[in-house]
Amino acid sequence: NWMAYDAFVPGVRDFDQGVENLERLKKESNFPFLASNLKGVNGIENYKVIDANGVKIGLIGLITPFLFDGLIPENYEGVEVLDLLETLNTQIETIRSDVDLIFVLSHLGLPYNREDEYESFIKKASQEKLKIKNAIELAHFTNEVDVILTGGVSKGYDTPWVDPNTHTIVIQNYGNLTGIGHLILNVDKEKKIIKDYTLPTERGMMVNLFTDNIWPDLAVQDSINGWVKSVSSLHNRDYTKQISEIEETDCYSDNTISNFNQFDVSSVGEDNLLDIMTWNMERFPLKGDTTMKAVAELIQDLNVDIIGVQEVIKIGAFSEMMSWLPNYDFVISKQSSFLEQAIIFKKNMFTVLGQDEPFAMDDYYFAGRPPLVVDFLYHCGDVKKEICVVNMHLKCCGDGLYRRQQSMKQLHGFLKEKSKNGKDNIIVVGDWNDQLQDTGIYQSFSPFINDQENFLFVTSRIVNDPNQQSYPSWPSFLDHIMIGRGYFDVFEKEGIVRSVNLDEWIGGWEEYESIISDHRPILLSIPLGK
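Mapped onto the working numbering, the consecutive letters of the sequence shown carry residue numbers 107 to 636.
A few of these clues could be false.
[Said to hold, decoys possible] List time: in silico PhoX-like cross-link candidates among lysine-lysine, alpha-carbon distance up to 20 Å: (1) Lys162 / Lys298; (2) Lys491 / Lys526; (3) Lys237 / Lys393; (4) Lys162 / Lys295.
[Stated by the list, open to error] Estimated spans, in silico, between C-beta atoms of each pair: (5) Ala110 / Leu305: 37 to 47 Å; (6) Lys491 / Lys393: 37 to 47 Å; (7) Glu192 / Lys261: 21 to 31 Å; (8) Asn195 / Leu305: 41 to 51 Å; (9) Pro633 / Glu183: 13 to 23 Å; (10) Leu315 / Ala110: 13 to 23 Å; (11) Gln233 / Thr196: 43 to 53 Å; (12) Asn527 / Met109: 33 to 43 Å; (13) Asn136 / Gly528: 15 to 25 Å; (14) Asp189 / Val268: 20 to 30 Å.
Keep in mind the hints are simulated off the structure, nothing from the lab.
Note that the structure is predicted; figures quoted are calculated from it, not measured.
Note that the Cβ used here is the ideal one computed from N, Cα and C, for glycine as well.
Make the full structure from the sequences, and use the hints.
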(Lines of atoms letter the chains of each structure in order from A and count residues from 1; the text may use other names and numbers.)
(Lines give C-alpha, C1' and ligand atoms only; values in the text may rest on other atoms or scores of the structure.)
Protein backbone atom coordinates (compact mmCIF):
# COMPACT_ATOMS: atom_id res chain seq x y z
CA ASN A 1 0.00 0.00 0.00
CA TRP A 2 2.89 2.37 0.72
CA MET A 3 4.15 1.78 -2.81
CA ALA A 4 0.81 2.91 -4.29
CA TYR A 5 0.76 0.25 -6.96
CA ASP A 6 -1.71 0.55 -9.84
CA ALA A 7 -2.32 -3.20 -9.87
CA PHE A 8 -0.91 -6.54 -8.77
CA VAL A 9 -0.94 -9.99 -10.41
CA PRO A 10 -0.47 -12.91 -7.98
CA GLY A 11 2.22 -15.45 -8.75
CA VAL A 12 2.94 -19.00 -7.66
CA ARG A 13 4.56 -18.04 -4.35
CA ASP A 14 1.52 -15.98 -3.37
CA PHE A 15 -0.36 -19.26 -2.90
CA ASP A 16 2.22 -20.75 -0.51
CA GLN A 17 0.01 -19.98 2.49
CA GLY A 18 -3.17 -21.08 0.74
CA VAL A 19 -6.13 -19.42 -0.97
CA GLU A 20 -7.59 -17.90 2.21
CA ASN A 21 -4.36 -16.05 2.92
CA LEU A 22 -4.31 -14.62 -0.61
CA GLU A 23 -7.91 -13.46 -0.18
CA ARG A 24 -6.97 -11.83 3.14
CA LEU A 25 -4.10 -9.95 1.48
CA LYS A 26 -6.49 -8.72 -1.19
CA LYS A 27 -8.86 -7.32 1.45
CA GLU A 28 -5.98 -5.49 3.12
CA SER A 29 -4.70 -3.93 -0.12
CA ASN A 30 -5.83 -0.62 -1.59
CA PHE A 31 -5.01 -1.64 -5.17
CA PRO A 32 -6.65 -4.30 -7.37
CA PHE A 33 -5.48 -7.90 -7.76
CA LEU A 34 -5.74 -8.79 -11.46
CA ALA A 35 -5.80 -12.28 -13.00
CA SER A 36 -8.46 -12.69 -15.66
CA ASN A 37 -7.70 -16.39 -16.23
CA LEU A 38 -7.84 -17.26 -12.51
CA LYS A 39 -11.04 -18.58 -10.93
CA GLY A 40 -11.78 -19.66 -7.38
CA VAL A 41 -10.14 -16.76 -5.50
CA ASN A 42 -12.48 -14.07 -4.15
CA GLY A 43 -11.71 -10.46 -4.98
CA ILE A 44 -9.67 -11.08 -8.13
CA GLU A 45 -10.52 -8.72 -11.02
CA ASN A 46 -9.97 -9.07 -14.76
CA TYR A 47 -8.60 -5.66 -15.70
CA LYS A 48 -8.19 -2.02 -14.72
CA VAL A 49 -8.15 1.15 -16.83
CA ILE A 50 -5.78 3.95 -15.82
CA ASP A 51 -5.24 7.44 -17.22
CA ALA A 52 -1.56 8.24 -17.80
CA ASN A 53 -1.30 11.91 -18.79
CA GLY A 54 -4.32 11.71 -21.04
CA VAL A 55 -3.55 8.26 -22.44
CA LYS A 56 -5.97 5.55 -21.34
CA ILE A 57 -4.21 2.27 -20.63
CA GLY A 58 -5.99 -1.02 -20.06
CA LEU A 59 -4.18 -3.32 -17.63
CA ILE A 60 -5.09 -6.99 -18.05
CA GLY A 61 -3.83 -9.55 -15.54
CA LEU A 62 -2.78 -13.11 -16.44
CA ILE A 63 -1.42 -15.83 -14.18
CA THR A 64 0.76 -18.72 -15.35
CA PRO A 65 -1.11 -21.76 -16.71
CA PHE A 66 1.44 -23.87 -14.84
CA LEU A 67 0.42 -22.57 -11.41
CA PHE A 68 -0.26 -26.02 -9.99
CA ASP A 69 3.22 -27.31 -10.94
CA GLY A 70 4.66 -25.01 -8.29
CA LEU A 71 2.30 -25.79 -5.41
CA ILE A 72 1.26 -28.56 -3.07
CA PRO A 73 -2.42 -29.47 -3.66
CA GLU A 74 -3.89 -28.13 -0.41
CA ASN A 75 -2.70 -24.62 -1.30
CA TYR A 76 -4.79 -24.33 -4.48
CA GLU A 77 -7.98 -26.15 -3.51
CA GLY A 78 -10.95 -24.87 -5.55
CA VAL A 79 -8.76 -22.87 -7.95
CA GLU A 80 -9.02 -23.07 -11.75
CA VAL A 81 -6.75 -21.54 -14.42
CA LEU A 82 -8.34 -20.82 -17.81
CA ASP A 83 -6.77 -20.83 -21.28
CA LEU A 84 -4.35 -17.90 -21.67
CA LEU A 85 -4.96 -16.73 -25.21
CA GLU A 86 -8.70 -17.31 -25.18
CA THR A 87 -9.05 -15.35 -21.94
CA LEU A 88 -6.81 -12.53 -23.15
CA ASN A 89 -8.75 -12.13 -26.39
CA THR A 90 -12.01 -11.97 -24.44
CA GLN A 91 -10.67 -9.21 -22.19
CA ILE A 92 -9.25 -7.26 -25.14
CA GLU A 93 -12.64 -7.35 -26.83
CA THR A 94 -14.25 -6.09 -23.61
CA ILE A 95 -12.01 -3.03 -23.15
CA ARG A 96 -10.72 -2.23 -26.65
CA SER A 97 -13.14 0.63 -27.32
CA ASP A 98 -12.43 2.23 -23.93
CA VAL A 99 -8.61 2.37 -24.04
CA ASP A 100 -5.77 3.63 -26.20
CA LEU A 101 -3.10 1.14 -25.18
CA ILE A 102 -3.24 -2.35 -23.71
CA PHE A 103 -0.69 -3.61 -21.20
CA VAL A 104 -0.64 -7.17 -19.90
CA LEU A 105 0.65 -7.79 -16.37
CA SER A 106 1.59 -11.45 -16.31
CA HIS A 107 3.22 -14.13 -14.24
CA LEU A 108 4.47 -15.98 -17.33
CA GLY A 109 8.16 -15.15 -17.46
CA LEU A 110 10.77 -14.40 -20.10
CA PRO A 111 12.94 -17.52 -20.34
CA TYR A 112 16.70 -17.70 -20.02
CA ASN A 113 18.40 -17.45 -23.44
CA ARG A 114 15.35 -15.75 -24.89
CA GLU A 115 16.67 -15.58 -28.48
CA ASP A 116 17.36 -19.33 -28.59
CA GLU A 117 14.01 -20.07 -26.95
CA TYR A 118 12.20 -17.93 -29.52
CA GLU A 119 13.91 -19.64 -32.44
CA SER A 120 13.04 -23.07 -31.05
CA PHE A 121 9.45 -21.96 -30.41
CA ILE A 122 8.99 -20.66 -33.97
CA LYS A 123 10.17 -23.95 -35.44
CA LYS A 124 7.73 -25.93 -33.31
CA ALA A 125 4.86 -23.49 -33.90
CA SER A 126 5.14 -24.01 -37.65
CA GLN A 127 4.66 -27.75 -37.21
CA GLU A 128 2.08 -28.12 -34.45
CA LYS A 129 -0.38 -26.26 -32.24
CA LEU A 130 1.40 -25.27 -29.04
CA LYS A 131 0.18 -24.43 -25.57
CA ILE A 132 1.55 -21.00 -24.64
CA LYS A 133 3.98 -21.32 -21.76
CA ASN A 134 5.78 -17.94 -21.47
CA ALA A 135 5.58 -14.25 -22.32
CA ILE A 136 7.61 -14.54 -25.54
CA GLU A 137 5.06 -16.94 -26.96
CA LEU A 138 2.11 -14.85 -25.79
CA ALA A 139 3.58 -11.75 -27.46
CA HIS A 140 3.83 -13.63 -30.75
CA PHE A 141 0.15 -14.57 -30.79
CA THR A 142 -1.45 -11.25 -29.88
CA ASN A 143 -1.58 -8.22 -32.18
CA GLU A 144 -3.55 -6.03 -29.79
CA VAL A 145 -1.15 -5.92 -26.83
CA ASP A 146 1.35 -3.06 -26.69
CA VAL A 147 3.41 -4.04 -23.64
CA ILE A 148 3.75 -7.17 -21.51
CA LEU A 149 5.26 -6.71 -18.03
CA THR A 150 6.17 -10.15 -16.78
CA GLY A 151 7.76 -12.07 -13.93
CA GLY A 152 7.96 -15.62 -12.66
CA VAL A 153 11.46 -16.31 -14.00
CA SER A 154 14.34 -14.81 -12.01
CA LYS A 155 16.34 -13.79 -15.07
CA GLY A 156 16.34 -10.05 -15.74
CA TYR A 157 17.07 -8.28 -19.01
CA ASP A 158 18.57 -4.81 -19.59
CA THR A 159 16.71 -4.44 -22.88
CA PRO A 160 13.11 -5.25 -23.80
CA TRP A 161 12.14 -8.15 -26.00
CA VAL A 162 10.18 -6.98 -29.04
CA ASP A 163 8.32 -9.57 -31.09
CA PRO A 164 9.41 -9.29 -34.75
CA ASN A 165 5.85 -9.69 -36.04
CA THR A 166 3.48 -8.10 -33.53
CA HIS A 167 6.01 -5.55 -32.17
CA THR A 168 4.72 -6.21 -28.65
CA ILE A 169 7.27 -5.04 -26.06
CA VAL A 170 8.08 -7.51 -23.26
CA ILE A 171 10.07 -6.55 -20.15
CA GLN A 172 11.24 -8.49 -17.09
CA ASN A 173 13.32 -7.69 -14.00
CA TYR A 174 15.49 -9.96 -11.91
CA GLY A 175 13.65 -11.80 -9.15
CA ASN A 176 13.31 -11.01 -5.45
CA LEU A 177 13.47 -7.23 -6.01
CA THR A 178 17.23 -7.22 -6.58
CA GLY A 179 16.65 -4.61 -9.27
CA ILE A 180 14.08 -2.20 -10.66
CA GLY A 181 13.15 -1.98 -14.33
CA HIS A 182 12.81 1.52 -15.79
CA LEU A 183 11.68 1.93 -19.39
CA ILE A 184 10.53 5.23 -20.89
CA LEU A 185 7.77 4.82 -23.47
CA ASN A 186 7.52 7.64 -25.99
CA VAL A 187 3.82 7.96 -26.90
CA ASP A 188 2.30 9.94 -29.74
CA LYS A 189 -0.55 11.58 -27.81
CA GLU A 190 -2.52 12.43 -30.91
CA LYS A 191 -2.40 8.99 -32.52
CA LYS A 192 -2.28 7.29 -29.09
CA ILE A 193 0.43 4.84 -30.12
CA ILE A 194 3.89 4.01 -28.77
CA LYS A 195 6.44 5.57 -31.14
CA ASP A 196 9.50 4.03 -29.51
CA TYR A 197 11.16 3.71 -26.12
CA THR A 198 14.17 5.16 -24.32
CA LEU A 199 16.54 3.41 -21.93
CA PRO A 200 17.36 5.48 -18.82
CA THR A 201 21.05 4.48 -18.70
CA GLU A 202 23.75 3.44 -21.17
CA ARG A 203 23.64 -0.03 -19.63
CA GLY A 204 19.92 -0.42 -20.20
CA MET A 205 16.71 -0.36 -18.19
CA MET A 206 17.79 -2.29 -15.09
CA VAL A 207 18.60 -0.40 -11.90
CA ASN A 208 20.67 -2.72 -9.69
CA LEU A 209 19.96 -2.22 -5.99
CA PHE A 210 23.25 -3.90 -5.03
CA THR A 211 25.69 -1.95 -7.19
CA ASP A 212 23.97 1.30 -8.21
CA ASN A 213 23.89 4.36 -5.99
CA ILE A 214 20.31 3.95 -4.79
CA TRP A 215 19.46 5.24 -1.31
CA PRO A 216 16.52 3.81 0.64
CA ASP A 217 13.62 5.80 1.97
CA LEU A 218 14.54 6.05 5.65
CA ALA A 219 11.01 5.65 7.00
CA VAL A 220 10.37 2.54 4.90
CA GLN A 221 13.80 1.15 5.73
CA ASP A 222 13.14 1.59 9.44
CA SER A 223 9.82 -0.23 9.16
CA ILE A 224 11.34 -3.11 7.20
CA ASN A 225 14.14 -3.49 9.74
CA GLY A 226 11.52 -3.69 12.46
CA TRP A 227 9.61 -6.39 10.60
CA VAL A 228 12.77 -8.44 10.09
CA LYS A 229 13.71 -8.20 13.77
CA SER A 230 10.22 -9.24 14.82
CA VAL A 231 10.53 -12.58 13.01
CA SER A 232 11.87 -15.14 15.44
CA SER A 233 15.08 -16.88 14.45
CA LEU A 234 16.08 -20.51 14.96
CA HIS A 235 19.29 -19.29 16.64
CA ASN A 236 18.00 -19.84 20.17
CA ARG A 237 14.41 -20.98 19.92
CA ASP A 238 13.29 -23.01 22.94
CA TYR A 239 11.37 -26.16 22.03
CA THR A 240 11.03 -27.57 25.54
CA LYS A 241 7.23 -27.38 25.64
CA GLN A 242 6.83 -28.85 22.14
CA ILE A 243 9.14 -31.73 22.93
CA SER A 244 7.38 -32.54 26.20
CA GLU A 245 4.11 -33.03 24.31
CA ILE A 246 5.56 -35.53 21.80
CA GLU A 247 4.86 -39.10 22.88
CA GLU A 248 7.17 -42.11 22.60
CA THR A 249 7.00 -43.87 19.24
CA ASP A 250 8.08 -47.18 17.77
CA CYS A 251 10.35 -45.97 15.00
CA TYR A 252 10.73 -49.45 13.51
CA SER A 253 7.02 -50.24 13.09
CA ASP A 254 6.74 -49.26 9.41
CA ASN A 255 7.26 -52.03 6.86
CA THR A 256 5.79 -50.32 3.81
CA ILE A 257 6.54 -52.10 0.54
CA SER A 258 7.26 -50.04 -2.58
CA ASN A 259 4.49 -49.81 -5.18
CA PHE A 260 7.15 -49.93 -7.89
CA ASN A 261 9.59 -52.71 -8.62
CA GLN A 262 11.65 -51.66 -11.60
CA PHE A 263 15.09 -51.86 -9.99
CA ASP A 264 16.96 -54.27 -7.75
CA VAL A 265 18.22 -51.80 -5.15
CA SER A 266 19.71 -52.68 -1.78
CA SER A 267 18.89 -50.85 1.44
CA VAL A 268 21.65 -48.54 2.65
CA GLY A 269 19.81 -47.45 5.80
CA GLU A 270 20.68 -49.21 9.05
CA ASP A 271 18.38 -49.54 12.06
CA ASN A 272 21.14 -48.64 14.50
CA LEU A 273 22.29 -45.52 12.65
CA LEU A 274 21.02 -42.11 11.58
CA ASP A 275 21.27 -42.17 7.79
CA ILE A 276 21.16 -38.76 6.10
CA MET A 277 21.71 -38.24 2.40
CA THR A 278 22.16 -35.26 0.08
CA TRP A 279 20.83 -35.63 -3.45
CA ASN A 280 20.71 -33.13 -6.30
CA MET A 281 17.85 -34.47 -8.44
CA GLU A 282 18.57 -32.18 -11.43
CA ARG A 283 15.48 -30.21 -12.39
CA PHE A 284 13.08 -32.71 -10.84
CA PRO A 285 11.25 -34.38 -12.46
CA LEU A 286 13.72 -34.61 -15.33
CA LYS A 287 11.59 -37.06 -17.34
CA GLY A 288 8.18 -36.52 -15.79
CA ASP A 289 6.36 -39.61 -14.50
CA THR A 290 9.31 -41.85 -15.38
CA THR A 291 11.53 -39.88 -13.01
CA MET A 292 8.88 -39.68 -10.29
CA LYS A 293 8.30 -43.45 -10.23
CA ALA A 294 12.01 -44.23 -10.32
CA VAL A 295 12.87 -41.82 -7.50
CA ALA A 296 9.94 -43.02 -5.34
CA GLU A 297 11.14 -46.62 -5.68
CA LEU A 298 14.73 -45.66 -4.90
CA ILE A 299 13.75 -43.69 -1.78
CA GLN A 300 11.64 -46.56 -0.46
CA ASP A 301 14.31 -49.19 -1.19
CA LEU A 302 17.27 -47.18 0.11
CA ASN A 303 15.52 -46.80 3.50
CA VAL A 304 17.36 -43.59 4.42
CA ASP A 305 16.08 -41.54 7.38
CA ILE A 306 16.58 -38.01 5.98
CA ILE A 307 17.26 -36.82 2.43
CA GLY A 308 18.21 -33.27 1.50
CA VAL A 309 17.01 -32.70 -2.07
CA GLN A 310 18.12 -29.91 -4.41
CA GLU A 311 16.73 -28.71 -7.77
CA VAL A 312 13.00 -29.31 -7.45
CA ILE A 313 11.44 -27.56 -10.45
CA LYS A 314 7.84 -28.74 -10.07
CA ILE A 315 6.63 -28.73 -6.47
CA GLY A 316 3.32 -30.22 -7.56
CA ALA A 317 5.03 -33.26 -9.09
CA PHE A 318 7.28 -33.60 -6.04
CA SER A 319 4.25 -33.52 -3.74
CA GLU A 320 2.51 -36.16 -5.85
CA MET A 321 5.57 -38.42 -5.68
CA MET A 322 5.74 -38.02 -1.91
CA SER A 323 2.11 -39.16 -1.66
CA TRP A 324 3.34 -42.53 -2.94
CA LEU A 325 5.68 -42.80 0.08
CA PRO A 326 3.35 -42.99 3.12
CA ASN A 327 6.16 -43.51 5.62
CA TYR A 328 7.87 -40.25 4.61
CA ASP A 329 6.97 -36.56 4.86
CA PHE A 330 8.78 -33.49 3.57
CA VAL A 331 9.52 -29.81 4.12
CA ILE A 332 10.11 -27.61 1.08
CA SER A 333 11.57 -24.13 0.71
CA LYS A 334 9.21 -21.18 0.39
CA GLN A 335 11.68 -18.41 -0.39
CA SER A 336 13.72 -19.80 -3.30
CA SER A 337 13.24 -17.94 -6.56
CA PHE A 338 14.48 -20.83 -8.69
CA LEU A 339 15.19 -24.54 -8.04
CA GLU A 340 13.64 -25.41 -4.68
CA GLN A 341 15.24 -27.34 -1.83
CA ALA A 342 13.36 -30.03 0.11
CA ILE A 343 14.05 -32.23 3.12
CA ILE A 344 12.44 -35.68 3.16
CA PHE A 345 12.18 -37.47 6.52
CA LYS A 346 10.65 -40.56 8.12
CA LYS A 347 7.41 -39.55 9.83
CA ASN A 348 7.63 -42.07 12.67
CA MET A 349 11.16 -40.98 13.56
CA PHE A 350 11.20 -37.19 13.24
CA THR A 351 8.96 -34.24 14.09
CA VAL A 352 9.51 -30.76 12.66
CA LEU A 353 10.03 -28.26 15.49
CA GLY A 354 10.84 -25.18 13.41
CA GLN A 355 11.65 -24.08 9.87
CA ASP A 356 13.64 -21.08 8.69
CA GLU A 357 15.21 -19.71 5.51
CA PRO A 358 17.81 -17.23 6.76
CA PHE A 359 18.98 -14.52 4.37
CA ALA A 360 15.71 -14.66 2.41
CA MET A 361 15.73 -10.84 2.60
CA ASP A 362 19.32 -10.77 1.31
CA ASP A 363 19.77 -13.89 -0.80
CA TYR A 364 21.90 -12.56 -3.67
CA TYR A 365 25.00 -14.46 -2.62
CA PHE A 366 22.90 -17.62 -2.31
CA ALA A 367 21.74 -17.17 -5.94
CA GLY A 368 18.14 -16.58 -4.85
CA ARG A 369 18.10 -19.87 -2.95
CA PRO A 370 18.44 -19.16 0.78
CA PRO A 371 19.38 -22.22 2.84
CA LEU A 372 16.51 -24.32 4.16
CA VAL A 373 17.05 -24.77 7.91
CA VAL A 374 14.85 -27.25 9.79
CA ASP A 375 15.01 -28.12 13.48
CA PHE A 376 13.87 -31.70 13.99
CA LEU A 377 13.15 -33.77 17.06
CA TYR A 378 14.46 -37.29 16.58
CA HIS A 379 12.34 -39.65 18.67
CA CYS A 380 12.74 -43.40 18.87
CA GLY A 381 11.35 -45.19 21.91
CA ASP A 382 12.24 -43.04 24.90
CA VAL A 383 15.17 -41.36 23.10
CA LYS A 384 14.59 -37.72 22.12
CA LYS A 385 17.25 -35.53 20.52
CA GLU A 386 17.17 -32.22 18.67
CA ILE A 387 18.81 -32.14 15.25
CA CYS A 388 19.30 -29.13 12.97
CA VAL A 389 19.45 -29.99 9.26
CA VAL A 390 20.52 -27.36 6.73
CA ASN A 391 19.96 -27.95 3.02
CA MET A 392 21.37 -25.61 0.38
CA HIS A 393 22.31 -25.23 -3.26
CA LEU A 394 25.12 -22.73 -3.79
CA LYS A 395 25.83 -20.55 -6.83
CA CYS A 396 27.41 -22.14 -9.88
CA CYS A 397 29.41 -20.60 -12.71
CA GLY A 398 29.96 -16.97 -13.66
CA ASP A 399 30.78 -15.07 -10.48
CA GLY A 400 29.99 -18.24 -8.50
CA LEU A 401 33.28 -18.37 -6.61
CA TYR A 402 32.84 -14.88 -5.17
CA ARG A 403 29.19 -15.45 -4.28
CA ARG A 404 29.92 -18.83 -2.69
CA GLN A 405 32.63 -17.22 -0.58
CA GLN A 406 30.32 -14.45 0.58
CA SER A 407 27.40 -16.79 1.26
CA MET A 408 29.63 -19.01 3.40
CA LYS A 409 30.59 -16.01 5.54
CA GLN A 410 26.88 -15.38 6.10
CA LEU A 411 26.03 -19.01 6.86
CA HIS A 412 29.02 -19.46 9.15
CA GLY A 413 27.93 -16.51 11.25
CA PHE A 414 24.37 -17.90 11.48
CA LEU A 415 25.45 -21.42 12.47
CA LYS A 416 28.19 -20.20 14.80
CA GLU A 417 25.57 -18.21 16.73
CA LYS A 418 23.32 -21.27 16.85
CA SER A 419 26.21 -23.37 18.16
CA LYS A 420 27.01 -20.77 20.83
CA ASN A 421 23.46 -21.17 22.10
CA GLY A 422 24.07 -24.88 22.65
CA LYS A 423 22.41 -26.01 19.40
CA ASP A 424 25.43 -27.78 17.96
CA ASN A 425 23.79 -30.97 16.65
CA ILE A 426 24.04 -29.56 13.13
CA ILE A 427 24.21 -31.37 9.79
CA VAL A 428 24.61 -29.31 6.61
CA VAL A 429 23.92 -31.04 3.29
CA GLY A 430 23.64 -29.84 -0.26
CA ASP A 431 25.10 -29.11 -3.65
CA TRP A 432 27.96 -26.83 -2.60
CA ASN A 433 29.09 -26.44 -6.24
CA ASP A 434 32.78 -26.54 -5.39
CA GLN A 435 35.53 -28.80 -4.14
CA LEU A 436 37.21 -29.08 -0.75
CA GLN A 437 40.62 -29.55 -2.36
CA ASP A 438 40.84 -25.98 -3.68
CA THR A 439 43.31 -23.73 -1.88
CA GLY A 440 43.91 -20.06 -1.14
CA ILE A 441 41.75 -17.54 -2.95
CA TYR A 442 40.06 -20.34 -4.91
CA GLN A 443 38.56 -21.99 -1.81
CA SER A 444 34.86 -21.28 -1.33
CA PHE A 445 34.36 -22.68 2.16
CA SER A 446 37.20 -21.09 4.16
CA PRO A 447 35.03 -19.85 7.08
CA PHE A 448 34.08 -23.45 7.90
CA ILE A 449 37.38 -25.09 6.96
CA ASN A 450 39.21 -22.63 9.23
CA ASP A 451 36.80 -23.27 12.13
CA GLN A 452 37.68 -26.88 12.90
CA GLU A 453 36.64 -26.41 16.51
CA ASN A 454 33.00 -26.17 15.47
CA PHE A 455 32.59 -27.68 11.99
CA LEU A 456 33.84 -30.68 10.03
CA PHE A 457 33.38 -31.70 6.40
CA VAL A 458 32.84 -35.45 6.68
CA THR A 459 33.09 -35.76 2.90
CA SER A 460 36.80 -34.89 3.17
CA ARG A 461 37.33 -38.62 3.74
CA ILE A 462 36.23 -39.55 0.22
CA VAL A 463 36.71 -36.53 -2.05
CA ASN A 464 39.86 -37.98 -3.63
CA ASP A 465 38.35 -41.40 -4.34
CA PRO A 466 37.76 -41.57 -8.14
CA ASN A 467 34.98 -44.13 -7.64
CA GLN A 468 32.98 -41.84 -5.35
CA GLN A 469 32.87 -38.56 -7.25
CA SER A 470 29.49 -36.90 -6.79
CA TYR A 471 29.56 -35.33 -10.27
CA PRO A 472 30.97 -38.03 -12.57
CA SER A 473 30.23 -36.25 -15.87
CA TRP A 474 33.09 -33.87 -15.09
CA PRO A 475 34.79 -35.94 -12.39
CA SER A 476 34.57 -33.75 -9.30
CA PHE A 477 33.15 -33.74 -5.79
CA LEU A 478 30.57 -30.95 -5.47
CA ASP A 479 28.02 -32.40 -3.02
CA HIS A 480 29.12 -32.30 0.60
CA ILE A 481 27.98 -33.04 4.12
CA MET A 482 29.29 -31.03 7.08
CA ILE A 483 28.60 -31.64 10.76
CA GLY A 484 28.65 -29.45 13.85
CA ARG A 485 30.77 -30.30 16.88
CA GLY A 486 27.86 -32.09 18.53
CA TYR A 487 28.54 -35.04 16.21
CA PHE A 488 32.35 -34.97 16.15
CA ASP A 489 32.88 -37.85 18.58
CA VAL A 490 30.29 -40.24 17.16
CA PHE A 491 31.51 -39.62 13.63
CA GLU A 492 35.16 -40.18 14.49
CA LYS A 493 34.33 -43.42 16.33
CA GLU A 494 31.64 -45.00 14.15
CA GLY A 495 30.68 -42.62 11.35
CA ILE A 496 30.51 -43.72 7.72
CA VAL A 497 30.39 -41.48 4.65
CA ARG A 498 30.06 -42.78 1.09
CA SER A 499 28.67 -42.03 -2.33
CA VAL A 500 25.56 -43.97 -3.27
CA ASN A 501 26.29 -45.11 -6.82
CA LEU A 502 22.71 -45.64 -7.90
CA ASP A 503 23.81 -45.88 -11.53
CA GLU A 504 25.25 -49.32 -10.77
CA TRP A 505 21.78 -50.55 -9.76
CA ILE A 506 19.61 -49.05 -12.47
CA GLY A 507 21.39 -49.89 -15.71
CA GLY A 508 24.49 -47.72 -15.82
CA TRP A 509 25.41 -44.05 -15.74
CA GLU A 510 23.75 -43.09 -19.03
CA GLU A 511 20.40 -44.47 -17.85
CA TYR A 512 20.69 -42.80 -14.43
CA GLU A 513 21.73 -39.45 -15.91
CA SER A 514 18.96 -39.49 -18.53
CA ILE A 515 16.04 -40.09 -16.13
CA ILE A 516 17.19 -38.91 -12.68
CA SER A 517 20.24 -36.68 -12.31
CA ASP A 518 23.80 -35.79 -13.21
CA HIS A 519 24.71 -35.94 -9.49
CA ARG A 520 25.15 -38.96 -7.26
CA PRO A 521 23.76 -38.93 -3.71
CA ILE A 522 26.18 -38.77 -0.77
CA LEU A 523 25.30 -40.61 2.46
CA LEU A 524 26.35 -40.04 6.07
CA SER A 525 25.60 -42.67 8.73
CA ILE A 526 26.22 -42.04 12.44
CA PRO A 527 24.92 -43.66 15.65
CA LEU A 528 22.20 -41.74 17.48
CA GLY A 529 21.21 -44.12 20.24
CA LYS A 530 18.31 -45.67 18.35
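In ascending order, which of the hints set out earlier in this document are inconsistent with the structure?
-> Numbers 5, 8, 9, 11, 13, in rising order.
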